[in-house]
Structures are given as C-alpha cells and as structure tokens.
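Novice: Listed below are the residues making up each chain.
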Amino acid sequence: MKTLVYVAHDNVHLGDATLATVTAASKLGEVHLLVAGAGCGAVAEAASRIAGIGKVHVADDAACEHQLAENIAPLIAGLMTDHDAVLFPATTTGKNIAPRVAALLDVMQISDILSVEGERTFTRPIYAGNAIATVESSDAKLVITVRGTAFDKAEAEGGAAEIAAVASTDDAGKSSFVSAELAKSERPELTSAKIIVSGGRALKDSATFENIVMPLADKLGAGVGASRAAVDAGYVPNDYQVGQTGKIVAPEVYIAIGISGAIQHLAGMKDSKTIIAINKDEDAPIFQVADIGLVADLYQAVPELTAAL
Amino acid sequence: MKALVPVKRVIDYNVKPRVKADGSGVDLANVKMSMNPFDEIAVEEAVRLKEAGQIDEIVVVSIGPAKAQETLRAALAMGADSALLIETEEAIEPLAVAKMLKAVSGEVEPGLIILGKQAIDDDSNQTGQMLAGLMNLPQGTFASKVELEGDHVRVTREVDGGLETVRLSTPAIITTDLRLNEPRYASLPNIMKAKKKPLEIKTPADYGVDIAPRLKTLNVSEPPVRQAGVKVADVDELIARLKAMGVA
Ligand SMILES: Cc1cc2nc3c(=O)[nH]c(=O)nc-3n(C[C@H](O)[C@H](O)[C@H](O)COP(=O)(O)OP(=O)(O)OC[C@H]3O[C@@H](n4cnc5c(N)ncnc54)[C@H](O)[C@@H]3O)c2cc1C
Chain V
1 MKTLVYVAHD NVHLGDATLA TVTAASKLGE VHLLVAGAGC GAVAEAASRI AGIGKVHVAD
61 DAACEHQLAE NIAPLIAGLM TDHDAVLFPA TTTGKNIAPR VAALLDVMQI SDILSVEGER
121 TFTRPIYAGN AIATVESSDA KLVITVRGTA FDKAEAEGGA AEIAAVASTD DAGKSSFVSA
181 ELAKSERPEL TSAKIIVSGG RALKDSATFE NIVMPLADKL GAGVGASRAA VDAGYVPNDY
241 QVGQTGKIVA PEVYIAIGIS GAIQHLAGMK DSKTIIAINK DEDAPIFQVA DIGLVADLYQ
301 AVPELTAAL
Chain H
1 MKALVPVKRV IDYNVKPRVK ADGSGVDLAN VKMSMNPFDE IAVEEAVRLK EAGQIDEIVV
61 VSIGPAKAQE TLRAALAMGA DSALLIETEE AIEPLAVAKM LKAVSGEVEP GLIILGKQAI
121 DDDSNQTGQM LAGLMNLPQG TFASKVELEG DHVRVTREVD GGLETVRLST PAIITTDLRL
181 NEPRYASLPN IMKAKKKPLE IKTPADYGVD IAPRLKTLNV SEPPVRQAGV KVADVDELIA
241 RLKAMGVA
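Those protein sequences? They're chains V and H, same order as listed.
Residue numbering for the first sequence is 1 to 309, as defined by the numbering used here.
Residue numbering for the second sequence is 1 to 248, as defined by the numbering used here.
No lab work stands behind these hints, which were simulated from the structure alone.
Each hint should be verified, as a subset may be incorrect.
Said to hold, decoys possible - So, partial list: chain V residues that the calculated Cβ filter (under 8 Å) puts toward chain H:
no., residue
1, D112
2, D139
3, A140
What you are looking at is a predicted structure, and each value in this text was computed from that prediction instead of being measured.
Just so it is clear, CB atoms sit at the ideal spot from N, CA and C, and this is done for glycine as well.
Taking the hints into account, I'd like the entire structure generated from these sequences.
Specialist: Printed below as a string of structure tokens:
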C-alpha cells in the first residue's frame, strides 16, 4: 500500500505530531509525505530527513500558506490517484482538513486511530475513550487521523528522501485567514511534555493559577494543562485544555491539582504513565485512576511541594 | 438568512458508558439520552443570531430514531422555528449524514449551517467538514466566536496553538466548540410552545441517499482499566515517591 502523510508544520518548523503519524503509516506500507504551505522549504528539508520515508511532495504556494481546508483538500484529493491511504496527525489542522478530503473521495474517515490491526482494520476510541472500537473499512481509499500518543515517534533523522514539487490548486476564494493569536510559552508543549502539571476549577482565578501551578511546573520543567472548568472560567487560555475535546496527552507524569476527574477530562490523560492527584475530596473520581493520591488542601500542599523540590 | 442546525440524540454526557459483554457495542438500554452538548451550543448560537436580527429563521434537523423527536422538540423549545426528522433506526455514519444534510440544505437554502464539532458518542469530528466538502462551501470549524458581517462571516477558531480567525463567504458551515456560548435552559412556556411548532418526518429513502455503512465494527471492548494506586499521607511522602521515580 502507498500512503501519504500530511506533515504538521507552521511553514518554519516540522511539527512533532508528524512523526507518530509516519509510524502509523509505515505499518500500512510505503510512506510519502506532503508538505503544503508557503515558503516552507525548510520544513520539506526536515521532512526529507525522517527515517524510512519514500518521497516528500511539496506544494509551496500562497494558496497553501495558512493550510485552509478549502484549498488543501482538493490538492490532497488529487494526489490520492497515486496513493491508497492518507494519514493526518489528529491535530486541529488535521481534524479540519481530513474529513473534507474524505468527502471529496466519497470515503468514510477513520478518526483518531490507536492501532493498525491490518491493512484495513484499526482501533479507535469512542465514548470519550470509555470504549475501543475495532473497525474495518470497505472503502477503496483510506482517510485516517492518527492519535499522536498511541504511536512511537519515527526517527527524525537518518533519511534522505527525494523532494518533489507538486502544483497547488488555486485559492478556492471562499475563505481567508484574518489573524492568529498563538500562545507563546517557554514551557514544553503539552503533547510532547514528559511531565504535565494541570490545574482545575479549584484554582479560583488566573492569578491564583499562576501563583500555585506555574512555580511547580517550572521546578519540574513541566508543561501546564487545565481542565475545561479552569479554561471556561478564564484562568488559562483554551489551548491548555486536556480532555475528550481538548488535547490528548500521555506524559511520563501527570499531576492533577484540584481536578475532580470527570470522564471527559480522564479521556485526555488516562494513558499517562504515572498519574498523581492532589484533591481535598477523598472521594474525587480522579483518585480511581491516580497512581499516587494526596488528599489535601492544594493551597497548603502545592506550595509546600514546590518549596521542597 | 436562514440557519440550518443539525442535532444528534446521544448518551447524556453525565452517564458513564458501559460496554456490552458480547463486544457488540455500548449498552444504551435504559440509559439517559440528551442532545449532543456541542449541538446544543449550535442551536444556542443560531437563536442568538436570530435574536440579534441577523438570522430570520432556524430549521433544526436530526437523522436518527423516532425518539430523536424529543431532541428536536428541545431545540424548538430553545428557539428554533421548525424541525425535520429523517427517521431511521440504523446507525448512520458521518458521510451518509453529510449527504442527507446536503439534500436538506438544497431545500432549506440556509446561509449558515451550524453543527457541533463532534458527537460525544462516536467522537468522529467529521460531519461538518464533510458537508462543507460535499457542498463546496467554506468551513469555520471549532468556533469560539461567530460574527456575521453582511454576506461574510468571521469565525474565531480554537486551534492547538491558541486562536485563529478566518473570514468566510456565505453560505458557510460552522462547527461549534465549547466556549462559543452557554446554552440556555428552555422555559416552561417555551417548552409548551415548542409542542405546536412544525415537525416533519421523512426517511433516508426520501433523499435517495445510500446509508450502507462503509466501516464495519468488528468489536467494541473496554479500554484497559487503570487500577487506583496508593494514597500518600503527606507532602513528604509524595516527595519521597517522586524522588524514587527520578522526577524530583
Ligand atoms: C461535551 C463536553 C466536553 C467536555 N470536554 C472536556 C475536556 O475536554 N476536558 C475537561 O477537563 N473537561 C471537559 N468537560 C467538562 C467536564 O465534564 C467537567 O465539568 C470538568 O472536567 C470539571 O473540571 P474540574 O475538575 O476542574 O472542576 P470540578 O469538577 O469542579 O472539580 C474541582 C475539584 O477541585 C477540588 N478542590 C476544590 N478546592 C480544593 C482545594 N482547596 N484543594 C484541593 N482540591 C480542591 C474539588 O474537590 C473537586 O474535585 C466536558 C464537558 C462536556 C459536556
């Protein structure tokens, strides 16, 4: 089978999510990559060095600059005459574009796969990860999004693939990019952090979140996450949200502070290697999944912990 | 301008789903069902646009079992004007749903189609984007803000790195994220009024859409269960554990 992997990038850097997607694709067959962007030569170069891949297709065109689904989907649909499967990282960009491609190809997408069980058989989470479905596709082409935490990362170096330009389709003229407000943080990105410290509704307000959660995260070199309740209440921006409808993370250590452990939150972090929970309610559901639980008032326990590290 | 809002009847978000012992699926017998939370947000957004005088009429549509009439009535009670049920007891995949919604859109001719970004049962996150692809319309997915500007709509999207704003020509497809709005509770008088609003019932065959599934579910299983670990007595013991793990 010949597969095409959609490369995650911002026209400058190759996104880490690409590497797990390459691993998933390599279980199906030969792996080609697509870099669609503008002024994205450095990304194409980086992509060509990923170990074990066949070829890098590059659509370097103004119409691709912001990876608008209206412009990218027809491009990919066109490339599918030569490929049997297209795999996207399950990032917001991947999730935005993939179903549009599936519709153009008249195939049913397989979302958020956890494993490759055969040429057309995959497992995927349903019901916020409370059930795992094994599904088999009967479509001629496969359109797939890949859960990054479920696959090892391919080696970023070692390959020397050919880079080939492909013609972009024209700007569809239906949508335009206006602006982006992207969070800048010195802390590790959530989806690749080894340690994550997450705060919940109990943190009261953004200043309290900043004063309690951030110092602990900084001591541990950790990424910072949050529950939906904390994001909705404005303690931290939306890109901190971990859960069924936020980010899916699986760090070595996940520290949940003042988070009750609703199923929607657990869906995003229960594959973490070690879960540590600090909560004053000994019956909080988070303790049912925590490897180490501390029943305590976070306002005492967390500063004490931070000071002692 | 009209708005079309598709809604799905799903397991209530407070219920913990249980996998059937025979691996055929999730047990939905005697389980509380509700409108998919993201679809509630979609209905609310349409109602707010109507209250602001930017939308004239809201049509809600559901593709699902006879019981989905309750879901449609709930949307009517929130402020939608009329409802359509495309009745089927089969499980319908997003691709077939999108095809039916395309056919419905041909009749309704909406300027905005507002959908939830995902249903909390199959977690597919596909239907809106597929519909946009099938209809060759622009899409503003994972919206946390929607502003109509004449024949365009400005959509702020929740993306992995933060927020992104796009401008789309109408007709356009929008899918909702959690922070777009907080859906209202329907008042009793509005619930009574909703009972008299029009609710039409059709079948997939009326739209000539092939609903045969493309994905075969071979098995549904429980995820590996995590065992609860230990409770530590105090911060000192927690630090000792962290040290033992090499974290501190
Ligand atoms: C469609 C849908 C999607 C959702 N998606 C997500 C998602 O992706 N991610 C997500 O997180 N949620 C999601 N939710 C929301 C989820 O259901 C919960 O409401 C949310 O996770 C609760 O956040 P929380 O644990 O911070 O708040 P709460 O449930 O209010 O818990 C606060 C906890 O803090 C503890 N506490 C309070 N004070 C202290 C103190 N001084 N010291 C120690 N502990 C204290 C309490 O005991 C309690 O356990 C979703 C909901 C819906 C309907």
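Novice: Run every hint past the structure and note whether it holds.
Specialist: Quick rundown of the hints versus the structure:
1. D112: With a minimum Cβ separation of about 7 Å from chain H (threshold 8 Å), the hint on D112/V holds.
2. D139: holds (5 Å)
3. A140: violated (10 Å)
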